[in-house]
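Can you build the whole structure from these sequences, using the hints too?
Spelled out from the first residue to the last, the chains are:
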Amino acid sequence: MARTIIPFGPQHPVLPEPIHLDLVVEDERVVEARPSVGFVHRGLEKLVEKKDYQEFVYVAERICGICSFIHGQTYCQAIEAMMNIPVPPRAQYLRTVWGELSRIHSHLLWLGLMADGMGFESLFMHSWRVRERVLDVIEATTGGRVIFGSCKIGGVRRDMDAGAIRNTLSELEIIEREMRDLTRVFLNDSSVKRRLSGLGVMSRQEAHELGCVGPVLRASGVAQDMRQLGYAAYGELEMEPVTRTEGDSFARCAVRCEELFQAASLIRQALGKIPAGEIGVKVAGNPTGEVIMRTEQPRGEVVYCLKANGTKNLQRFRVRTPTFANLPAMLKLLQQCELADVPMLVLTIDPCISCTER
Amino acid sequence: MNPKQTLEVIDLNALLKGVSALRARGARLVQIGATTLPDKFELTYSFDVEDGLASLRVEAPREDPRVPSISSIYGCAYLYENEMHDLFGIKVEGMALDFHGTLYKTKVKFAFGQVKAPAAKPPSAPKAPAGEPALAGVA
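Read top to bottom, the protein sequences are chains A and B.
Just so we're aligned, residue 0 is where the first sequence starts under numbering that gives the first Met the number 0, counting upward by one.
Just so we're aligned, residue 0 is where the second sequence starts under numbering that gives the first Met the number 0, counting upward by one.
None of these hints come from the bench; they were simulated from the model.
Think of the CB as a built atom: it goes at the ideal place given N, C-alpha and C, for glycine as much as any other residue.
Do not rely on the hints blindly, as some may be mistaken.
Stated by the list, open to error - Now the stretches of chain B that chain A is said to cover, found in silico as 3 or more residues with beta-carbon under 8 Å:
hint	stretch
1	26 to 32
2	68 to 75
3	96 to 103
Said to hold, decoys possible - Examples of chain B residues lying across from chain A (beta carbon under 10 Å, computed):
hint	residue
4	Leu6
5	Thr35
6	Leu52
7	Tyr79
8	Glu82
9	Asp85
10	Lys106
11	Ala110
12	Phe111
So, in structure tokens, the structure goes:
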């Protein structure tokens, strides 16, 4: 059968981010997908040679416009591990709260994009309406909506007083109620189920071998979540990874829906037992050594590899983002799929290409 | 907070054997990263193992760096290896899927393969229009 190559992206109605795929099709069936990225490559890893390690927190936070806070947090944790900086417990709890608020807004953003990709416009608008409430809480507690600027090496820049904690908890109650209405549609609506069930099935073994991370891995039955490592305040909070066993697009959607409530529970737990005290310590000197730090972003495990030689500039700064780890799985899922399913399969891994480009 | 991490420096010839041993233990490939040093490239292969993170490190020369691909052991490694080629100029031999330098569309070829970016030139002084004396203090 004759083969045709169909270019997909970097500009495409369903693509929130610039990735280009050459889809090799036979009739309506995709037989191969060849990716190319680099459209927004910023060379941030190289920038470490020009910015000193303290300034670089701002750069790390700007790697991603969605999961910005956790990027900054992971960078700070890596430097703190290298320099043996004891971060005050209150700062660890605040980092956890803001990290989980990030997760909620990122998952709601994805749910909206998914609904939009399916043509379910009202569901898309409701998802983003609820997300606005989360952004309002973030703005009230950090001053920023997308870039929080709250994390620094040695702690955090802002505290939450009793009033802010009370307001956050009462807002969280409303957000949770609205998320419940929203996820009821995602999980029970027949058109959503028919569009996603059985689409892009990946077994547990395949997900592991393809190096998947985050909800993509957990939807195939692998209970791995970097928060279990116990960084920030996670070691003192109750949390079990959310998993499904079906391994299809619906399972990946269901995992993210359930993680919304898991994040809300973690925020409530953290604010309920947040200790009093300092929110930061003074940092002096330059880092030396090497460290690999892993945390759980909304899209999965992010890896920071830092190498320092005692000067104010790091020798190496490398980030492996969760989307990068999930790209081989996406390319595998695209093989032998119907052309009409390509947008859903691309969205199903929640791609953040700008993050990946760094 | 950060679980057990091990780093083993091995010879380039022992890379495939080391990676195969980790695969046999059921390890997940976490990342492959390169660092440009003045006299060599340092490549780190990290794996998620049952009790933490295990990393293997090999070194490659600056001149004509070549490393064997591990994509026959870990299929998903091809993406990291293409990245290593496109950003650092390291030739990875035997990749399961070779994009031939088209994965990253960067303006500067092998941008990360240089030790340090060249220092920016200081801005040149504005030229005085013909017939007028140059400004004081400006050469």
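Hints and how they fare:
1. 26 to 32: holds (count 5)
2. 68 to 75: holds (count 3)
3. 96 to 103: holds (count 4)
4. Leu6: The hint holds - Leu6/B has a Cβ within 10 Å of chain A, the shortest such distance being about 8 Å.
5. Thr35: holds, 8 Å
6. Leu52: Result: holds, 6 Å to nearest chain A Cβ.
7. Tyr79: holds, 8 Å
8. Glu82: holds, 8 Å
9. Asp85: It holds, given that the least Cβ distance between Asp85/B and chain A is near 8 Å, below 10 Å.
10. Lys106: OK, holds: Lys106/B within 10 Å of chain A, min 9 Å.
11. Ala110: holds, 6 Å
12. Phe111: holds, 6 Å
In summary, the structure agrees with every hint in the numbered list given earlier.
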